[in-house]
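Novice: These are the residues of each chain, in order.
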Amino acid sequence: MKEIAILAIARYGDLIQLSPLLRGLKRTWPDARITLIVENRFSGILTMLPGFDRTIVLDKKAIAGWIALGDTPFVAYRQMEQFVRELEADSYDLLINITSSALSAFLSSVVRAREKVGIVADSRGQKEIRGLWGLYVFSWFNDSLRKYNTINLVDVFTRLGGVRPDGHRVELTPTAAGESFADEFLMRHALSGARIVGLQLGASEANRCWPVENFAHLSDRLQEQGIRTVLFGVAAEKELAEKAKALMRHPPVDAVGETSLEGLLSLVSRCAAVVSNDTGTMHFAAASGVPAVMLCIGPAFFRCTGPYGAGHVALQPDLSCTPCPYYVDCSEPVCRTAIPAEAAVNACRLILDGDYRGRSADFGDVRVYRSGFAPDGFLTWEGLFNTDEAEETLARRRERMWKLCLDGEVPALPEEPEDEGVRDFHRLMAEGIGITGRIIELSRIAPLPVDQIRELGSRESAIEEEIKRMGYRSGLVSPIANFLTMMRENIGEGDLATVARATRHIYETGRNMAATL
Amino acid sequence: MNHFARNMSLLDRRNPQLAKRITAAADPAALAVESARSGEPTARRRDVYLHSPYDPSREADETVRRQAAGVDAARPVTVFGLGLGYHARQLASAGFSGTIIEEDPAVVRAALASLDLSEVVERFDILAGLPADLVRRRHAPLFDRPLLPHPASLRVSPDYLGRLHRYAEALLLGRRGKLKVLVVDPISGGSLPAAHHCSRALRALGHKVIPFESERLAAGMEFAKTFSFRESATSFNAGLASLLSRGVELKARETRPDIVLALAQAPILPETMAKLDKMGIPTAFWFVEDFTVLPYWRDTAPACSYFFGIQKENFTRQLSAIGVTRYAYLPTCAAADVHRPLSLTPGERAEFGSPLSFVGAGYFNRQVFFKGLTDYPFRIWGSDWPLISPLTPYIQRHGARIDTETCVRIFNASAVNLNLHSSTTCDGVAPDGDFVNPRTFEIAACGAFQLVDRRGLLPELFEPGELATFGDLEELREKIDRYLADEPGRQALATQGRERVLAEHTYERRIEELLATMVAEFPAVAARVEKRATYMEELMAELDRHEGLPELLARMPDRRWFEMRDAVASIVTGKGELTRAEKIFLMLQNVEVIWGATPE
Numbered sequence: 059m060k061e062i063a064i065l066a067i068a069r070y071g072d073l074i075q076l077s078p079l080l081r082g083l084k085r086t087w088p089d090a091r092i093t094l095i096v097e098n099r100f101s102g103i104l105t106m107l108p109g110f111d112r113t114i115v116l117d118k119k120a121i122a123g124w125i126a127l128g129d130t131p132f133v134a135y136r137q138m139e140q141f142v143r144e145l146e147a148d149s150y151d152l153l154i155n156i157t158s159s160a161l162s163a164f165l166s167s168v169v170r171a172r173e174k175v176g177i178v179a180d181s182r183g184q185k186e187i188r189g190l191w192g193l194y195v196f197s198w199f200n201d202s203l204r205k206y207n208t209i210n211l212v213d214v215f216t217r218l219g220g221v222r223p224d225g226h227r228v229e230l231t232p233t234a235a236g237e238s239f240a241d242e243f244l245m246r247h248a249l250s251g252a253r254i255v256g257l258q259l260g261a262s263e264a265n266r267c268w269p270v271e272n273f274a275h276l277s278d279r280l281q282e283q284g285i286r287t288v289l290f291g292v293a294a295e296k297e298l299a300e301k302a303k304a305l306m307r308h309p310p311v312d313a314v315g316e317t318s319l320e321g322l323l324s325l326v327s328r329c330a331a332v333v334s335n336d337t338g339t340m341h342f343a344a345a346s347g348v349p350a351v352m353l354c355i356g357p358a359f360f361r362c363t364g365p366y367g368a369g370h371v372a373l374q375p376d377l378s379c380t381p382c383p384y385y386v387d388c389s390e391p392v393c394r395t396a397i398p399a400e401a402a403v404n405a406c407r408l409i410l411d412g413d414y415r416g417r418s419a420d421f422g423d424v425r426v427y428r429s430g431f432a433p434d435g436f437l438t439w440e441g442l443f444n445t446d447e448a449e450e451t452l453a454r455r456r457e458r459m460w461k462l463c464l465d466g467e468v469p470a471l472p473e474e475p476e477d478e479g480v481r482d483f484h485r486l487m488a489e490g491i492g493i494t495g496r497i498i499e500l501s502r503i504a505p506l507p508v509d510q511i512r513e514l515g516s517r518e519s520a521i522e523e524e525i526k527r528m529g530y531r532s533g534l535v536s537p538i539a540n541f542l543t544m545m546r547e548n549i550g551e552g553d554l555a556t557v558a559r560a561t562r563h564i565y566e567t568g569r570n571m572a573a574t575l
Numbered sequence: 016m017n018h019f020a021r022n023m024s025l026l027d028r029r030n031p032q033l034a035k036r037i038t039a040a041a042d043p044a045a046l047a048v049e050s051a052r053s054g055e056p057t058a059r060r061r062d063v064y065l066h067s068p069y070d071p072s073r074e075a076d077e078t079v080r081r082q083a084a085g086v087d088a089a090r091p092v093t094v095f096g097l098g099l100g101y102h103a104r105q106l107a108s109a110g111f112s113g114t115i116i117e118e119d120p121a122v123v124r125a126a127l128a129s130l131d132l133s134e135v136v137e138r139f140d141i142l143a144g145l146p147a148d149l150v151r152r153r154h155a156p157l158f159d160r161p162l163l164p165h166p167a168s169l170r171v172s173p174d175y176l177g178r179l180h181r182y183a184e185a186l187l188l189g190r191r192g193k194l195k196v197l198v199v200d201p202i203s204g205g206s207l208p209a210a211h212h213c214s215r216a217l218r219a220l221g222h223k224v225i226p227f228e229s230e231r232l233a234a235g236m237e238f239a240k241t242f243s244f245r246e247s248a249t250s251f252n253a254g255l256a257s258l259l260s261r262g263v264e265l266k267a268r269e270t271r272p273d274i275v276l277a278l279a280q281a282p283i284l285p286e287t288m289a290k291l292d293k294m295g296i297p298t299a300f301w302f303v304e305d306f307t308v309l310p311y312w313r314d315t316a317p318a319c320s321y322f323f324g325i326q327k328e329n330f331t332r333q334l335s336a337i338g339v340t341r342y343a344y345l346p347t348c349a350a351a352d353v354h355r356p357l358s359l360t361p362g363e364r365a366e367f368g369s370p371l372s373f374v375g376a377g378y379f380n381r382q383v384f385f386k387g388l389t390d391y392p393f394r395i396w397g398s399d400w401p402l403i404s405p406l407t408p409y410i411q412r413h414g415a416r417i418d419t420e421t422c423v424r425i426f427n428a429s430a431v432n433l434n435l436h437s438s439t440t441c442d443g444v445a446p447d448g449d450f451v452n453p454r455t456f457e458i459a460a461c462g463a464f465q466l467v468d469r470r471g472l473l474p475e476l477f478e479p480g481e482l483a484t485f486g487d488l489e490e491l492r493e494k495i496d497r498y499l500a501d502e503p504g505r506q507a508l509a510t511q512g513r514e515r516v517l518a519e520h521t522y523e524r525r526i527e528e529l530l531a532t533m534v535a536e537f538p539a540v541a542a543r544v545e546k547r548a549t550y551m552e553e554l555m556a557e558l559d560r561h562e563g564l565p566e567l568l569a570r571m572p573d574r575r576w577f578e579m580r581d582a583v584a585s586i587v588t589g590k591g592e593l594t595r596a597e598k599i600f601l602m603l604q605n606v607e608v609i610w611g612a613t614p615e
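Protein chains in written order, with the numbering used here: chain A, 59 to 575; chain B, 16 to 615.
The hints are simulated quantities; they were obtained by calculation from the structure and are not laboratory data. It cannot be assumed that every hint is accurate.
Stated by the list, open to error - For the chain A half of the interface with chain B, some residues (derived, Cβ under 10 Å), not all of them:
| id | residue |
| --- | --- |
| 1 | P131 |
| 2 | A134 |
| 3 | Y135 |
| 4 | R136 |
| 5 | F141 |
| 6 | L161 |
| 7 | V168 |
| 8 | S181 |
| 9 | R182 |
| 10 | Q281 |
| 11 | I285 |
These figures come from a predicted structure and were not determined experimentally. Glycine is no exception: its CB is placed at the ideal position from the N, C-alpha and C atoms.
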C-alpha cells in the first residue's frame, strides 16, 4: 500500500482546491492511504472533503497564543514538539507540500518520506523547492509576476502531486446536517422553488471587498427580475450585511452568521449563481457546481485562484496594477470600485439567462472571462468581453509553454523561436548551454585547468546577470527569467561537474521555454 | 509551684525581655479558658475553639503527627500560633525545636498559666506581639524553615497569624524565582534609580523583568519646558503620562505579567490599573515618598491592587479613611552592589573626601540648619542650594546634581557623612519625622560612617550600635567632635550598620517582601506562579528527552527566562546539521502571531 502525505497548513479555499489532487491520487493508486496534515482552524471542512484516509492536525492558533502569551518559549516548544512527534510517527512514500510557507518547509523536513515535493528545509535549515511545478509556484506567488500566471492553483497542486487534471471541478460532499439546515432555511424564508442568487459581501480584508452599494444595486436588480437574493457571510460580516441591507429597496434573505460550513455548502448548492469576492464561499459554489461570478479585486486573480470548474464568470478590472501582489498595502484601492454594479448584473444574466448574449458595453471597462476545461483536463479561461486578443493569445502560449516544459514533454524545437521578443534570450540560453557543457568537459581533466574554468565561470555569471536584466526589461521574458533564477537558487552543494550539469539543465529549460513560447 | 511560676522562671532565664512583657500583659479579654471533657484546660475566642473541647492533647497529637510527617526533627521549625501550647508541647516532646510566633502576648501568658510548657520554653523561642512587618523583615530566616501552622490560631488571628503564614508560603514560592513582573519606571526623578534597582533585584532573585522604560520619553518632559506658561507644560506632561499609561496597558496585554510594579511617579493612571485588574494582573505601587508632602497617593492608592509606602501608622490611618486597607509598610533600602565600600586613591580621597560631608538637595531645613556647622571643614554636594548664602563657600561643583557613583565616592571618602532628612516646614530636625530616607541605608551599605537625624521608624530598622543619631544642632556638634576624634568608634558603627543593611535592607529583601505580599494576597497570582514553576521544573527534568535542547539552552544567557527570539538568534542555518530542537524553534519562528492572540 502506498503511503502518501499531503501537507496543507492552509485555509478553506486551499483545502477545497486540493480535491482534484486527492481524486487523482486515488485514481492512480486506488489502495493508497492518504494522510492530510492540516491546521485545526480549517479542519472543519474535512467532513465534506472526499478522498483522504486520515489527518494529523496542527493547533497553530494555540501555538501562536502560547508564543504570544506563554510564560516561556518552552510552552510553545512542547506543543510543537508533540505535533512533530506525530509527524515523525509514520513513514511515507510521497510527501506533497502544497503550502508555500517557511513553517511548512520545516514541518516537511521532519516528515520521513522517500520522495518529497514542494518546499522542504534540508538538514541544515536551507529551504529548497522540489519538483518543477513547485518551483513554478514560487517563481510568481509572492511577486508582481503573478499576473502572468496562466495556470490555476488547483492544476498546479495536482501536477505537484504527480497526477493529471481530469477536467472535473473541485468537490465537496454535502452532509445530512447541512442538507437539512438548507431545507429548513429555504422553507423558513419561503425560498423553496425560487431562483436564488447568493451574494458573498465580505472578504479576508476590507480592501478586497466590492462596495456594499454595488451589492445593494445588484441585489435590487436581481430581485426586480424575480430572482431572490441571499446574503452569505460569517458573523463578523454582520455589520457589512446591515450596511448593504440598509441600501436595498427590496430586502434580501440574510444568512450572514447563521450558517455552519456544512450548512453553507448545502445552501450554496441551492443557488442558481453566486456572486462573490475571492472567498471560500466562491469555492463552495465551484464545489457544488453552481456558477460563480468572481469579483477580482486587489490580489484576486481568476487565472490563479478562480472558481475551479466550467461555466464560471470572472470580472477583472482593466487596470494596469491588477492583480496586485499579495504583499501590497494599497492606499488607493481603485480596483474596489472599478467593477460597476451593472457589470455584475450582466454577468449574472450570462449565467441565468440563456438568451442573453451580452455586449462589451454591458460591462463598462471590465474584462469578462468564462471558465472551461481544456482537452488536457486543465482549467482555462476564455475572454468574452473587453479583452485584448494579443494578450489572450500570449496567455494561451504561456499556458502551453509551462505545461510542456514543466512536464518535460517538449516537442521538436525550431532552430529559432518564432517570437522575435525572445530570440535574444534564446541565443543567451544556447550560449549558456555551450559554456556549461565546456565546464563539464574540463571538470574531467586532471589536473583541473583552473584558469580556463574560472574564465568560463565569469562568462557564465555574466549570462546569469543578463538573464535577470532581460527579465526586468521584458514582460514576455520575465516569468521565464524569474523561474530560471529560482531554479538556480535551488541548486544544492556539489562538485564542479554536478553544479555545472545542474546549471546546464537550467539553460536547457530556458531554451525550451523560449522555443515553445 | 504552679505552671505559670515554673514556666516563667524558665522563660526569664531564656528570654528575660519577653518574660517581662508576658508578666505585664493583661489577661486576654476575649480568650476564655475553660475545662475540656478530658479535664484538661481548653480555650476559645468567641465561638472559635483554640483546642478541642473534648480532648486537646489527643487533638494535638494527631495534628503534630500529620504536620511533622517527613519533617526532620533536627531542623528548626517555625510554628504559627501557640494557643495554650498543646501542639507545641507535642512538638517539643517529639524532639522539635525552633520558634513560635504568636500575635498576642496575653495568649502566651494564658498558655504558660495553663500547661507545663517547660520543655517548650526550653526548646522554642517565642515571638509574641511583634508588628508583622518587623517579623517579616527582622525574622525573615524563620520562613526558610518548615512551617507548622496551628490551624485554630490562624482562624482566630486571620489578619496576623493567617497573613504571616500565607506570606511565609508565598515567600517560599517567590524564592523559586518564577514571577514575571512588569516594572513601570518613572519618566525621571529620584524614584527612577530605585526602579532600576528593583529591576536588578528582581533579576538577581531569578524573576523575569518586563521593563517599561518610561525614561525613554524623558525628552518629552524636556520639551514641555519650552512652553511659556506653567499650565501649558503641566497639561502637556499630563498628556505624556496618559500616553505612557496606555503603553503600560498594551505592554501588559502583550506580555501578560503576573504583577505590575510601579514606583512612585510612574506614569500609570488609575484607569490603567483598573484595566490591569480586569485582566487579572494586580498592580503593586511602591510609594517611596512622604505622604504629607506629595498628595497624589489619594488617587493612586485606591486604584492600585496593593499599596506599599515608607510610613506606618499615620499613613495607615489616612489610607483607611479613604477605604484603602491593602497597604503594607515597605521602607526604603539600598542597592548593595551600587552602594558599596571602595578603596579610593589618595587623589580620590582629596577630591571627594572631607571630615564632614553632606550630599543632597538644598531643602529649607538644611539651608537653615547647616549654617550652624560652618566652622567645620564641611563640604556640601548636590543641587537646589541658594546661589548666595552663608553656605556658598561649602557648596561643591556650583550646586551641580551629583550622580550615584560620585555619591558612593563621597560617602567612602568622608569621615562623617551628615544625613538630615529634608523638610520644607521646620528649620532643623523634623520633630515628628517618621520614615527613613534611602541615604541612611546607602551610606551604611558603603560601610561609611553617618550621623543621621532621629526618625520615628529608625529603631525598628537599626539596632543600637549600628548608627549614630542626633536630635538637634547641639547634639550633632557634640557627636561630630566626638566621632572625628574616634576613628575606631566610627569604624565599628559603620561596620555594624553595613551588616544590618546587607542582612535586612537591600532591594533584594524588599522585593522578596513585596512579591511575597502580592503572592499571598492574590491567590490567582500564586496559582499561576506555582503552575509555571512546576511546569518549568518538569521540563528541566525531562530535558534529556529533547534532542538538542540542552545544547541550545546552554547557549542562552539565562535559560530560565530566555525569549523565543534569543533561541532563534542562536541557531545558524546553512552551516551544520540542525538538531531536532533547533528545527522546532525554527518552526515556531514561522508561526505567525497575530494581535488577536493577545486577548484584552
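Novice: Would you mind marking each hint as holding or not holding in the structure?
Specialist: Going down the list of hints, with the structure as the test:
1. Residue-level restraint check for P131 (chain A) holds (minimum Cβ-Cβ distance to chain B is 5 Å; threshold 10 Å).
2. Satisfaction of the interface hint for A134 (chain A) is found here, the shortest Cβ-Cβ separation to chain B being roughly 5 Å, below the 10 Å cut-off.
3. For Y135 (chain A), the shortest C-beta to C-beta distance to chain B is roughly 6 Å, which falls under 10 Å, so the interface hint holds.
4. Proximity of R136 (chain A) to chain B holds as hinted, the smallest CB-CB distance being about 7 Å (cut-off 10 Å).
5. Given hint, F141 (chain A) at the interface with chain B, holds; its Cβ is 9 Å from that chain's nearest Cβ, closer than 10 Å.
6. Using the Cβ-Cβ criterion of 10 Å, the hint placing L161 (chain A) at the interface with chain B is satisfied: the shortest such distance is roughly 4 Å.
7. The beta carbon of V168 (chain A) comes within 6 Å of a beta carbon in chain B, closer than 10 Å, and the hint placing it at the interface holds.
8. A least Cβ separation of about 5 Å between S181 (chain A) and chain B falls short of the 10 Å threshold, and the interface hint therefore holds.
9. For R182 (chain A), the interface hint holds, since its Cβ comes within 10 Å of a Cβ in chain B; the closest pair sits about 5 Å apart.
10. Nearest Cβ of chain B to the Cβ of Q281 (chain A): about 37 Å, over the 10 Å cut. The hint is violated.
11. The interface hint given for I285 (chain A) is broken, as the beta carbon of that residue sits about 38 Å from the closest beta carbon of chain B, more than 10 Å.
When held up to the earlier numbered hints, the structure conflicts with 10 and 11 and fits the remainder.
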